[in-house]
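*Asks:* Okay, here's what each chain looks like letter by letter:
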Amino acid sequence: MAIMQVHRSAAPAARPGHAERRTRLRRAAVGFAFMAPLLVVNVVVIAAPGAMSIWYSFTDWTGLGPASFVGLDNYTNLLGDPEFHNALLHNTLWTLFFLTVPMAMGLFGAFLLSHIRRFQMLFRVAYFIPYVVATVVSGSIWESLLSPDQGIGDGLAAIGLPWLKDVNFLGDPDLALGTVAFVNTWQWWGFLVVIFLASMQAVSPQLYEAARLDGANRWREFWHITLPGIRPTLMFLGLMTVIWSFLIFDYIYILTQGGPAGSTDVLGTLLYRNAFANLQAGYAASIGVVMALVSVIAVSGFLYLRRRGWDI
Amino acid sequence: MTSRPARAGALSLGRYATYGVLLLLALFAVGPMLVFGFNALKTPSELATSPLGLPAAPQWHNFADAWQEAAMGVGLANSVVVVISTALGVCVISGCAAYAMGRLRVPGSNFLIFYLLVTSALPIQLFLVPLFYLWTNLGLYDNLLGLIIIYWAVFSPFATLLIRSYMVGLPKEYEEAARLDGAGEWKVFARVVLPMVWPGFLTAALIAGLSAYNEFLLAVTFIQSTDKMPVSTAFFAFKSGYTQDYTLISAGGLIMVIPVLVAFLLLQRRFIEGYISSGMTG
Chain L
1 MAIMQVHRSA
11 APAARPGHAE
21 RRTRLRRAAV
31 GFAFMAPLLV
41 VNVVVIAAPG
51 AMSIWYSFTD
61 WTGLGPASFV
71 GLDNYTNLLG
81 DPEFHNALLH
91 NTLWTLFFLT
101 VPMAMGLFGA
111 FLLSHIRRFQ
121 MLFRVAYFIP
131 YVVATVVSGS
141 IWESLLSPDQ
151 GIGDGLAAIG
161 LPWLKDVNFL
171 GDPDLALGTV
181 AFVNTWQWWG
191 FLVVIFLASM
201 QAVSPQLYEA
211 ARLDGANRWR
221 EFWHITLPGI
231 RPTLMFLGLM
241 TVIWSFLIFD
251 YIYILTQGGP
261 AGSTDVLGTL
271 LYRNAFANLQ
281 AGYAASIGVV
291 MALVSVIAVS
301 GFLYLRRRGW
311 DI
Chain D
1 MTSRPARAGA
11 LSLGRYATYG
21 VLLLLALFAV
31 GPMLVFGFNA
41 LKTPSELATS
51 PLGLPAAPQW
61 HNFADAWQEA
71 AMGVGLANSV
81 VVVISTALGV
91 CVISGCAAYA
101 MGRLRVPGSN
111 FLIFYLLVTS
121 ALPIQLFLVP
131 LFYLWTNLGL
141 YDNLLGLIII
151 YWAVFSPFAT
161 LLIRSYMVGL
171 PKEYEEAARL
181 DGAGEWKVFA
191 RVVLPMVWPG
201 FLTAALIAGL
211 SAYNEFLLAV
221 TFIQSTDKMP
231 VSTAFFAFKS
241 GYTQDYTLIS
251 AGGLIMVIPV
261 LVAFLLLQRR
271 FIEGYISSGM
281 TG
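So the sequence lines, in the order shown, correspond to chains L and D.
For the first sequence, the positions run 1 to 312 when UniProt numbering is used.
For the second sequence, the positions run 1 to 282 when UniProt numbering is used.
Please keep in mind that the hints were generated in silico from the structure rather than gathered at the bench.
Remember, predicted model here, so these are calculated numbers, not experimental data.
Even glycine gets a Cβ: it sits at the ideal position worked out from N, Cα and C.
Heads up, some of the hints might be wrong.
[Claimed, not checked] Per label pair, the in silico range of CB-to-CB distance:
id, chain 1, residue 1, chain 2, residue 2, range
1, D, V74, L, Q257, 20 to 28 Å
2, L, L207, D, R269, 25 to 33 Å
3, D, A183, L, W219, 55 to 63 Å
[Stated by the list, open to error] Reference excerpt, derived from the structure (chain D facing chain L, CB under 10 Å, subset only):
id, residue
4, P51
5, Y174
6, G184
All chains should be built: construct the whole structure from the sequences, respecting the hints.
*Replies:* As C-alpha cells, this is what we get:
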C-alpha cells in the first residue's frame with residue numbers, strides 16, 4: 001500500500017511518463033555501472049584477444065612482430081597438414097570415449113547410490129575426491145602407478161599376476177592415448193556421479209512407486225524412469241563433454257606432451273607447439289578458430305534443438 | 001524407496017551386492033591416492049621392490065627434501081596470493097554483475113547471460129596467443145597480477161550465473177522498503193541483498209579459488225620465473241626436471257594436494273552443491 005501511494009504522488013497527473021522514465025534510465029545507468037567490471041575484464045582478456053585471433057588466423061604472424069595478410073593460406077594448409085588430421089582424429093576419439101565410458105560409469109555409480117541411504121554421503125565424497133585433485137598431481141599419481149618398472153604391473157606380478165608386467169602404458173604409441181584418457185576418467189567420473197545423483201534425486205518418487213507396482217525390475221526402472229527423468233542433465237553434460245573434449249590440453253601436456261611419435265597429439269597441444277615453439281602464431285590462431293568453431297557449432301546445435309521443442 | 005522395509009528380506013542379497021560394488025568404486029577413486037601417500041614415505045629402492053605396499057619404515061624426511069628441492073614454500077606462498085586475490089576479485093566482479101542482472105533488471109540481461117555462456121565455452125587457446133602478446137607489452141607477463149586478472153576474467157562468468165541464481169529468488173519487498181527509507185543502490189546491495197545471498201558468494205569463492213589453485217595451462221604460459229610460479233607449475237617443473245625420484249615427487253604432490261583435501265572435506269557440502277548447480281544448469 002505504502003509503495004503505491006508514493007508512486008502516485010511522485011508522478012503528477014500532468015506528465016505521467018516522465019519521472020518514471022527518468023527513474024528507469026537512472027536505474028539502467030546504475031545497472032551498467034555494476035556490470036562494468038565484469039564487462040571490462042571480459043573484453044580485455046577474452047573478447048578482444050579472441051577477435052584478434054580471428055584476424056591473425058588470416059596472417060603469417062610469428063607472435064612477435066608485425067603480421068601481413070595471407071588470406072586463407074593457414075586454413076588451406078591446415079586441410080593438407082597430416083599433423084592436423086592426426087590431432088583431429090585424436091580429439092574425435094577422445095570425444096567418443098568421454099561420451100560413453102565415463103558417462104556410463106557416472107550413471108552406474110549414481111544409480112547404485114540412489115538406491116542406498118546409509119553411507120550415501122560418504123561414497124559421494126569419496127568419488128568426488130579425485131575431482132578436486134590438481135591435474136599435475138593426478139598426472140604424477142598415475143605416472144608412478146603406470147610406470148613400467150615400479151607401478152601396478154610389478155605390484156601385480158609380485159602376487160602372481162604377471163600380465164601387466166613391463167607394459168609401458170604411456171610410452172607405447174598404441175596405448176598412450178587410451179592411458180591418458182583413462183587417467184582423465186579417473187578424475188572425472190566422480191564428478192558425473194555427483195551431478196547425476198542430484199538429478200536423479202529430483203525425479204518424482206511416485207514414478208518409481210508406479211513402476212514397482214507394475215513389477216518392473218531395476219534395469220527397466222533405470223531405462224524407463226531414471227534416464228528420461230534426468231535427460232536435461234544428460235544432454236547438458238553431453239554438450240559440455242563434446243566442448244571439453246576438443247579443448248583438452250592439460251592431461252596430454254603433463255603426461256605425454258603429445259608423444260610418443262604424435263600418438264597423443266591433440267588440437268590443444270598442436271596449437272601450443274605452433275604458437276610458442278615454432279613461432280607460427282598465425283597458423284596456431286587458425287587452429288584456435290577451428291577449436292572455437294567446434295564449440296560454437298555444439299552450442300548452437302544444442303540451442304537449436306531446444307528451441308525446436310526438444311526437452312533438453 | 002519408501003516401500004523398502006516391506007521387501008527388505010528379498011532385497012538383502014542385492015543390497016550387499018550394491019554395497020560391494022560401491023566399495024570397489026570407492027577403492028578405485030581413493031586407492032591410487034593412498035598408494036601415492038605410501039610412496040611418499042618410502043625409500044627409492046623400496047619403491048622399486050614394493051610399489052604398492054605399505055612403507056616399511058616411514059621416511060618423513062621425504063617431505064622436507066621435496067619441500068626444499070621443489071621450492072614448494074615459494075610456490076605455496078605465490079598460490080595463496082593468487083587464490084585469495086582470485087576469489088575476492090571474482091566475488092566483487094561477479095557479485096556486482098549478478099546484482100545488476102538479477103535485482104536491477106538491467107535491459108539486455110538475457111543477452112548478457114547468453115554472452116557469458118558463450119565466452120565460458122570458448123577455448124582458452126583461442127585468445128591465448130594475442131593475450132600473451134598483449135600481456136607482454138603491458139608488462140603483465142611473468143607477473144602474478146597479470147595471471148590474477150586473467151583468472152578474474154575466466155572464472156567470473158560461471159560465478160556470475162551462480163550468484164545470480166541466488167539473487168533472483170529473493171523477495172523484492174526488502175529492497176523496496178530500504179529504498180523507501182532513502183538507501184542508495186550501493187547501500188541496498190551491501191546491507192540488504194548481500195547478507196541474504198552470502199552462501200552464493202562463499203560457493204563462488206571456493207570454486208574460483210580451487211580452480212585457480214589447480215589451474216595449469218594459463219599458469220604455465222604466463223609465469224616463467226621460478227620465484228613467481230604458483231605451486232601447480234612449481235611442482236610440474238620439479239616433476240619434469242631431472243629428478244626421477246618418485247618418492248620425492250609423491251611427497252611434493254601430497255604437499256600440494258593436502259590443503260585442498262582438508263578444505264574440501266571441511267566444506268564438502270558447499271563445494272559439491274556449487275558444482276551441482278553449475279553442472280545442471282544450461
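*Asks:* State for each hint whether it applies.
*Replies:* Hint check:
In this structure the hint that D:V74 and L:Q257 lie 20 to 28 Å apart at CB holds, the actual value being about 25 Å. A beta carbon spacing of about 27 Å between L:L207 and D:R269 agrees with the range 25 to 33 Å that was offered as a hint. At roughly 59 Å, the beta-carbon separation of D:A183 and L:W219 lies within the given 55 to 63 Å, and the hint holds. Because the beta carbon of D:P51 sits about 5 Å from the nearest beta carbon in chain L, less than 10 Å, this interface hint is met.
A cut of 10 Å between beta carbons decides the hint on D:Y174: the least distance to chain L is about 12 Å, and the hint is violated. Taking 10 Å as the C-beta cut-off, the interface hint given for D:G184 holds, the closest approach to chain L being about 9 Å.
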